[in-house]
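With the sequences and hints as input, model every part of the structure.
Given next are the chains, with one letter for each unit.
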Amino acid sequence: MGVREALARTWYSQGRALARPMLKLENITKRFGPVVANRRITLEVAPGEVLALLGENGAGKTTLVSILYGLYAPDEGRILLQGKEVRIHSPKEAQRLGIALVPQHPELIEAHTVAENLALGLDLPPVFSRRALVRRLAKLLEGHPLGVDLEAPVARLSAGEKQRVELLRALLNRPKVLILDEPTSVLTPKEAEALFQEIRRLKGLGLSVIFISHKLDEVLAIADRIAVLRAGEKVGEVLRQEADKDLLVRLMVGRSLAPPPKVPPPRAEVVLEVEDLLVPRHGFPVQGVSFALRAGEVLGIAGVAGSGQAELLQALAGLRPFQGRVRFLGEAWPQDPARLFALGVAHIPEERSMGVVEGMSVAENLALRTYRRLAPRGLLDYRIMEKEAEALIGRYGIRTPSPRTPVRFLSGGNVQKVILARELRGGPRLLLAMHPTYGVDVGAAEEVYERILDLVRGGSAVLLVSEDLDEILSLSHRVAALYHGRFVGPISREEADRERLGRMMTEGRV
Amino acid sequence: MEEALLRAVLFGTPLLLAGLGALLSERGGVVNLGVEGMMALSALVAFAVGLQVHPALGVLAGMGVGSLLGLFLGVFAVSLRANQFVAGLALAALGLGASGLLGKRYEGTPLPNPLPEGMLAMLALILALGLHLLLSRTRFGLYLRSVGENPKAADLFGVSVDGVRYLALALGGGMIGLAGAYLSLAYRPSWTDGMTAGLGWVAIALVILAAWQPLRAIFGAYLFGLLFFLQFRLQGSVPIPSEAFAAMPYLLVILVLALSGRARAPKALGQPFDRGR
Numbered sequence: 001m002g003v004r005e006a007l008a009r010t011w012y013s014q015g016r017a018l019a020r021p022m023l024k025l026e027n028i029t030k031r032f033g034p035v036v037a038n039r040r041i042t043l044e045v046a047p048g049e050v051l052a053l054l055g056e057n058g059a060g061k062t063t064l065v066s067i068l069y070g071l072y073a074p075d076e077g078r079i080l081l082q083g084k085e086v087r088i089h090s091p092k093e094a095q096r097l098g099i100a101l102v103p104q105h106p107e108l109i110e111a112h113t114v115a116e117n118l119a120l121g122l123d124l125p126p127v128f129s130r131r132a133l134v135r136r137l138a139k140l141l142e143g144h145p146l147g148v149d150l151e152a153p154v155a156r157l158s159a160g161e162k163q164r165v166e167l168l169r170a171l172l173n174r175p176k177v178l179i180l181d182e183p184t185s186v187l188t189p190k191e192a193e194a195l196f197q198e199i200r201r202l203k204g205l206g207l208s209v210i211f212i213s214h215k216l217d218e219v220l221a222i223a224d225r226i227a228v229l230r231a232g233e234k235v236g237e238v239l240r241q242e243a244d245k246d247l248l249v250r251l252m253v254g255r256s257l258a259p260p261p262k263v264p265p266p267r268a269e270v271v272l273e274v275e276d277l278l279v280p281r282h283g284f285p286v287q288g289v290s291f292a293l294r295a296g297e298v299l300g301i302a303g304v305a306g307s308g309q310a311e312l313l314q315a316l317a318g319l320r321p322f323q324g325r326v327r328f329l330g331e332a333w334p335q336d337p338a339r340l341f342a343l344g345v346a347h348i349p350e351e352r353s354m355g356v357v358e359g360m361s362v363a364e365n366l367a368l369r370t371y372r373r374l375a376p377r378g379l380l381d382y383r384i385m386e387k388e389a390e391a392l393i394g395r396y397g398i399r400t401p402s403p404r405t406p407v408r409f410l411s412g413g414n415v416q417k418v419i420l421a422r423e424l425r426g427g428p429r430l431l432l433a434m435h436p437t438y439g440v441d442v443g444a445a446e447e448v449y450e451r452i453l454d455l456v457r458g459g460s461a462v463l464l465v466s467e468d469l470d471e472i473l474s475l476s477h478r479v480a481a482l483y484h485g486r487f488v489g490p491i492s493r494e495e496a497d498r499e500r501l502g503r504m505m506t507e508g509r510v
Numbered sequence: 511m512e513e514a515l516l517r518a519v520l521f522g523t524p525l526l527l528a529g530l531g532a533l534l535s536e537r538g539g540v541v542n543l544g545v546e547g548m549m550a551l552s553a554l555v556a557f558a559v560g561l562q563v564h565p566a567l568g569v570l571a572g573m574g575v576g577s578l579l580g581l582f583l584g585v586f587a588v589s590l591r592a593n594q595f596v597a598g599l600a601l602a603a604l605g606l607g608a609s610g611l612l613g614k615r616y617e618g619t620p621l622p623n624p625l626p627e628g629m630l631a632m633l634a635l636i637l638a639l640g641l642h643l644l645l646s647r648t649r650f651g652l653y654l655r656s657v658g659e660n661p662k663a664a665d666l667f668g669v670s671v672d673g674v675r676y677l678a679l680a681l682g683g684g685m686i687g688l689a690g691a692y693l694s695l696a697y698r699p700s701w702t703d704g705m706t707a708g709l710g711w712v713a714i715a716l717v718i719l720a721a722w723q724p725l726r727a728i729f730g731a732y733l734f735g736l737l738f739f740l741q742f743r744l745q746g747s748v749p750i751p752s753e754a755f756a757a758m759p760y761l762l763v764i765l766v767l768a769l770s771g772r773a774r775a776p777k778a779l780g781q782p783f784d785r786g787r
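Sequence order for the protein chains is S and V.
Take my numbering: the final residue in the first sequence is number 510, and no numbers are missing along the way.
Take my numbering: the final residue in the second sequence is number 787, and no numbers are missing along the way.
Among these hints, one or two may not hold up.
Taking lysine to aspartate or glutamate and the DMTMM-like style, the derived pairs with C-alpha atoms no more than 25 Å apart in a straight line are [what the hints assert, rightly or not]:
id : chain 1 : residue 1 : chain 2 : residue 2
1  : S       : Lys-190   : S       : Asp-244
2  : V       : Lys-662   : S       : Asp-181
3  : V       : Lys-662   : S       : Asp-244
4  : V       : Lys-614   : S       : Glu-351
5  : V       : Lys-777   : S       : Asp-244
6  : V       : Lys-662   : S       : Glu-107
7  : V       : Lys-777   : S       : Glu-358
8  : V       : Lys-662   : S       : Glu-151
9  : S       : Lys-92    : V       : Asp-784
Covered stretches of chain V, as calculated for chain S (at least 3 residues, CB under 8 Å) [to be verified]:
id : stretch
10 : 519-527
11 : 645-652
If you want the footprint, here are the derived chain S segments under chain V, 3+ residues with CB under 8 Å [unchecked claim]:
id : stretch
12 : 93-105
13 : 127-137
No wet-lab data here; the hints were simulated from the structure.
Nothing here was measured: the structure is a model prediction, and the numbers come from that model.
Each residue gets a CB set at the ideal place from its N, CA and C atoms; glycine is no exception.
Below, the structure is given as structure tokens:
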């Protein structure tokens with residue numbers, strides 16, 4: 001079935017519409033300069049309904065939410081709340097109207113207590129005591145299934161607990177419409193299940209929920225109706241019972257995705273040997289890390305954010321001191337990023353902003369590992385640098401106006417390709433990769449996987465740290481987890497599934 | 511001994527007032543490097559009004575000028591999202607220059623009926639306590655701290671970031687103006703060009719020494735006051751060059767700044783807030 005047929009099955013094309021929508025958006029258009037972020041989008045959601053907004057990164061989901069929450073004004077179109085046109089010019093106005101938001105990344109004030117953070121969503125008297133505030137909040141939250149310690153400083157909470165605080169704050173004003181922006185991206189599978197329970201409960205109370213996601217499984221698990229956005233436009237809308245994964249992918253990407261490629265079995269040669277590694281850090285140290293990684297093998301490491309994955313990878317990349325024995329191809333491990341790269345160790349860091357210098361051009365960023373060669377007499381030869389860059393831009397499919405364009409103007413997926421091109425060009429023996437597809441759209445993620453698999457087929461070893469369990473399970477030969485800094489596993493891919501990996505991450509046992 | 515403590519308090523009072531003023535806006539995320547110039551100009555206006563009308567009105571005029579200058583800084587540092595450090599330095603230079611130029615005719619004129627220093631010193635203490643309560647017990651205080659820590663979050667939850675920052679600059683400017691008025695109406699009581707003598711800069715260091723806590727600022731201010739007193743007192747009586755004593759408070763400032771790396775500043779300090787980004 002093609003996209004056209006998929007569209008033919010959508011909600012509006014069959015002339016269906018809600019009799020009494022809680023919230024309705026009509027022909028919303030928003031431009032940023034020449035870019036159209038939202039083009040004539042019409043949506044509606046009924047009381048007690050969960051509407052999922054599905055789309056890749058950059059499809060315009062977040063812009064639409066920002067308009068609904070009063071952060072941007074739409075250029076065209078109107079918003080109706082319970083049949084009455086409203087203008088939402090600020091978050092405060094949105095709250096007054098009964099529209100609440102749980103943002104993608106918890107926007108909490110770390111230095112404040114939970115109570116003080118929650119207080120920002122309340123009508124406060126001009127003068128109050130902390131004790132009275134805590135009492136009032138405790139009363140408001142009485143009987144709510146999600147409990148939190150009101151007097152704990154937010155900085156000490158886990159990502160899941162922080163989101164719970166966001167949700168409670170959103171609910172304090174008894175909203176009519178609740179918007180959840182990619183709510184599961186910071187949650188463990190178990191926490192996500194608890195969140196879904198809560199969404200179902202709120203739905204039962206008559207709340208309209210707008211659930212934004214790019215993950216098909218969770219959309220299918222929670223939504224009553226699914227609207228798909230692509231490149232700023234609504235390309236389809238289906239009822240849950242009409243939807244299946246294949247249809248949604250076609251709508252979202254505009255084509256079908258290739259089935260996940262097979263990873264060939266590893267070879268005998270050991271590339272990396274790690275014995276009893278200990279990495280000191282703030283909080284529990286990373287400890288008990290022992291494994292041997294063979295040529296052509298992918299070891300996936302899962303963990304709740306902040307469990308020590310970042311520190312482990314930084315230590316191996318030569319950016320952080322560690323204790324223990326590490327051997328690379330039988331040799332001692334030099335603690336020096338430049339020498340490691342020369343030996344054949346490539347690194348995709350945690351955040352893209354760490355992997356590039358955003359103000360510098362694509363060509364300059366591509367030369368960051370090799371600039372010494374480009375400056376035989378101390379002066380950089382830009383002619384050669386840009387020629388080499390053009391070759392890499394072609395080979396890795398980096399979409400950029402020119403090699404001289406500053407990296408800051410590239411989309412996330414293309415920045416990631418710049419990093420990949422620079423790190424992988426020399427054919428490394430070992431790749432240390434963290435969140436290689438984080439915030440990258442499905443199409444670009446496919447390309448990133450293909451590059452990594454090329455490397456693996458060629459006999460390189462890969463250490464893959466990710467919060468995306470599906471990514472880890474589809475690429476790895478073996479999987480391990482970090483739990484409060486403790487290394488759990490590794491176990492072979494055949495023994496692992498989502499539930500077991502989830503247990504390793506949240507309970508610290510295999 | 512008693513004299514030393516009294517002088518320390520009286521000398522520490524303008525520091526405390528100006529420090530509280532700077533502290534207030536810094537808790538909201540706005541660095542105010544204009545303190546020295548704001549103090550100088552408000553000291554001049556306070557003196558002029560005090561001489562021609564009444565010293566009590568002079569105090570109000572000084573505070574008013576301080577508030578206006580705070581709002582003026584806000585136009586650049588808040589609305590135009592300029593670099594706060596550059597904007598503050600420009601304001602310091604402007605205030606010093608303007609007060610020198612406009613104050614020529616008052617140079618050397620004594621004030622016949624100065625205000626009692628002790629009363630203003632008490633007021634400074636009360637203001638420190640009041641600011642502490644403002645920060646910890648009021649809605650505005652919670653909003654101010656939120657805006658200084660994470661303006662994006664505060665904005666998402668309906669707090670007007672710019673409004674809170676302007677109000678903080680105006681209130682803080684009033685306290686800085688009061689510090690200027692204290693100098694020209696009570697402490698000295700006269701007007702001379704450059705009479706702030708670097709106190710505004712020390713006040714900025716005091717904020718860091720106090721770790722952005724109003725109650726700690728009291729002790730910091732009096733500690734500096736004591737050092738200034740010792741500098742006057744020990745000059746000539748010990749075989750150390752007076753210049754070494756004169757440099758002592760400033761050396762302490764440098765020491766404080768160097769050792770304060772670990773003190774927790776408001777997270778969004780110095781960052782302009784722009785909703786679109």
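Next on the checklist: Hints numbered earlier in the text: which of these fail when held up against the supplied structure?
Outcome noted: The structure conflicts with hints 3, 4, 5 and 10, although it agrees with all the remaining ones.
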